[in-house]
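Student: Sequence:
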Amino acid sequence: MTSRRRFLAAGAASLASLSTAGWNGAFAQAAPDLGAPTLPENGVRRIPLGDAELLAINDGAARRPLTEGFVRNAALADVKSALAAGGLSQDYLEISFTAFVVITPRHRILMDTGNGEFGGPTSGRLLANLAQAGIAPESIDTVLISHFHGDHINGLRRRDGGWVFPKAQVMVPAAEWGFWMDDARMAAAPDAMKGAFQNVRRVFGPVADKLRRFEPGSELVSGVKALPAPGHTPGHTLFEVTGRERRFVYLADLSNIPALFVRQPEWSVQFDMDAELARQTRRRVLEEVAESKALVGGYHFPFPAVGSIVKDGAGFDFDPFRVT
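As numbered in mature numbering (1 follows the signal peptide of the UniProt record, and there is no 0), residues -28 to -1, 1 to 296 make up the sequence shown, in order.
I should point out that these hints are in silico values taken from the structure, not numbers from a laboratory.
A few of these clues could be false.
[Claimed, not checked] Here are the computed distance ranges between Cβ atoms for each label pair:
| hint | residue 1 | residue 2 | range |
| --- | --- | --- | --- |
| 1 | 56 | 194 | 41 to 51 Å |
| 2 | 58 | 135 | 32 to 42 Å |
| 3 | 159 | 14 | 14 to 24 Å |
| 4 | 189 | 163 | 30 to 40 Å |
| 5 | 52 | 181 | 42 to 52 Å |
| 6 | 294 | 177 | 36 to 46 Å |
| 7 | 40 | 181 | 42 to 52 Å |
| 8 | 62 | 110 | 27 to 37 Å |
| 9 | 62 | 181 | 48 to 58 Å |
| 10 | 78 | 135 | 47 to 57 Å |
C-beta: ideal position from N, C-alpha, C; glycine also.
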């Protein structure tokens, strides 16, 4: 099977539970008895990197029922045991959303943009938390997009079509663009995927000529490099920031809940479009960041979503960084 067909076939299954515009169906609170997710009182954390500063900016959180199939290749009983071992509820999944800002002497760089106005009632907090950090949208000069799922790109554009970061150069993975903006692929895609293709066009179509499309390994701005991490989507990309004192790697959606997918890197979340490739990528990257002792950040890790990866038997653990 060609890579194109593999991503379309696997993607249809992964997108079947997701909504057209914001992937809201995947993360929305689906039942009133789940309760409200826990949101941080302070949605901003600052971490020095030496000659740069890293800010974790919370975009909110959502709860969804824990059902068979969230982990494609593990029994529900095993998933519940892993959640319990991590001190998490076995009745629901709490999914956090955290973007990152890197401030250097020359740049203000935003990595992914959150749900914007298209998420559930407890998401879309990015702009409020940027304001809390003293960062105006107009001061962001670079936006880096890891991949084109709605909870990462919908914060770029308001419902009225307005552009949220008007002075920013938006940079996107060339492989993501090539997949999602291909009209033939959209036409051939199963119905469950067409909404995702349409959402990408809604966000990027009006500014297609202003975007910069980058290849894996590219230096995007001084000290910030794109690292290939395909599988979750065709062009899923990580971002490496090399500071004077610390190296930071933004993992994006390499792993969803770390108690499940860092601890058990062979497990596959239902949203991985090519589960086999995502597993290979996940293990490769986790091995590297554990060995190098890099500081990492995960978009769906519990806020403030920053820490380190440590080897633990056949799997890994996420060790949160103590941030005040």
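Student: Hint by hint, say whether it matches the structure.
Tutor: Cross-check of the supplied hints:
1. 56 / 194: 41 to 51 Å: holds, 45 Å
2. 58 / 135: 32 to 42 Å: This hint holds: roughly 39 Å between Cβ atoms.
3. 159 / 14: 14 to 24 Å: This hint is violated: roughly 47 Å between Cβ atoms.
4. 189 / 163: 30 to 40 Å: holds, 36 Å
5. 52 / 181: 42 to 52 Å: This hint holds: roughly 49 Å between Cβ atoms.
6. 294 / 177: 36 to 46 Å: Roughly 43 Å apart at Cβ, these two residues keep to the hinted range, so it holds.
7. 40 / 181: 42 to 52 Å: Between residue 40 and residue 181, where Cβ atoms are some 45 Å apart, the hint holds.
8. 62 / 110: 27 to 37 Å: Violated, at about 44 Å.
9. 62 / 181: 48 to 58 Å: holds, 49 Å
10. 78 / 135: 47 to 57 Å: About 22 Å separates the Cβ atoms of residue 78 and residue 135, which means 47 to 57 Å is violated.
The earlier numbered hints that this structure contradicts are 3, 8, 10.
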